[in-house]
Amino acid sequence: GAVVSQHPSRVICKSGTSVKIECRSLDFQATTMFWYRQFPKQSLMLMATSNEGSKATYEQGVEKDKFLINHASLTLSTLTVTSAHPEDSSFYICSANEGGRGNTIYFGEGSWLTVV
Amino acid sequence: QKEVEQDPGPLSVPEGAIVSLNCTYSNSAFQYFMWYRQYSRKGPELLMYTYSSGNKEDGRFTAQVDKSSKYISLFIRDSQPSDSATYLCAICRTSGTYKYIFGTGTRLKVLA
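Order-wise, the sequence lines are chains R and V. Numbers given in my numbering equal positions in the first sequence, counted from 1, plus 31. Numbers given in my numbering equal positions in the second sequence, counted from 1, plus 1033.
Since the hints were derived computationally from the structure, they do not count as laboratory data. Heads up, the beta-carbon is just placed ideally off N, CA and C, and yes, glycines get one too. Treat the hints with caution; some may be incorrect.
One-sided and incomplete, this derived list gives chain V residues near chain R with beta-carbon spacing under 7 Å [said to hold, decoys possible]: (1) Gly1049; (2) Ala1062; (3) Tyr1072; (4) Gly1076; (5) Tyr1082; (6) Phe1108; (7) Cys1125; (8) Thr1137.
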């Protein structure tokens, strides 16, 4: 299957700083990428949908200025958590879709963010 | 009504049992169905996908879709302790803007 790589897998940052998480499609061009947040033992919560070259579409309740999403190329999307707060500590997962492979989406390995 | 409903479990079965995992959905506009397996602290891994009503088999896994009832299932035969994970169903609307909806996930534990 297709490979989506996410980096870093684990990051610890101080309150007030910003942290960037990268999501790369390694063997296909991802026209659409999705960012999710997942709390322990809970389901995926879609944060935003990003299409290459355009602004991300954020889900209701997700702060655009806090969670900056950039999808500058067909293989890379980034999520930047700005002015991180301990409440932002969570598991962040990206997924990607390539039209040529049908409608299937493939997930990255996830990134654990801990804000101290 | 949620667009997709999935029993969160947990579901505990003995090794070798046949496991049945199920989801229901409410909108017939969703025409593409996927099952993912997620181990603790990992990203979801695609197991199977299908467009059609009926069964699709891959090794020990069978995905079943009944569009008339808006019901999808994943069967795992000869379950193993390594199958212990959370299983997520996902539905996709393929007309207009793509939209993916995930179930809450069912936690499965296969006991050795």
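### Task
Mind listing which of the numbered hints don't hold for this structure, in increasing order?
1, 2, 3, 6
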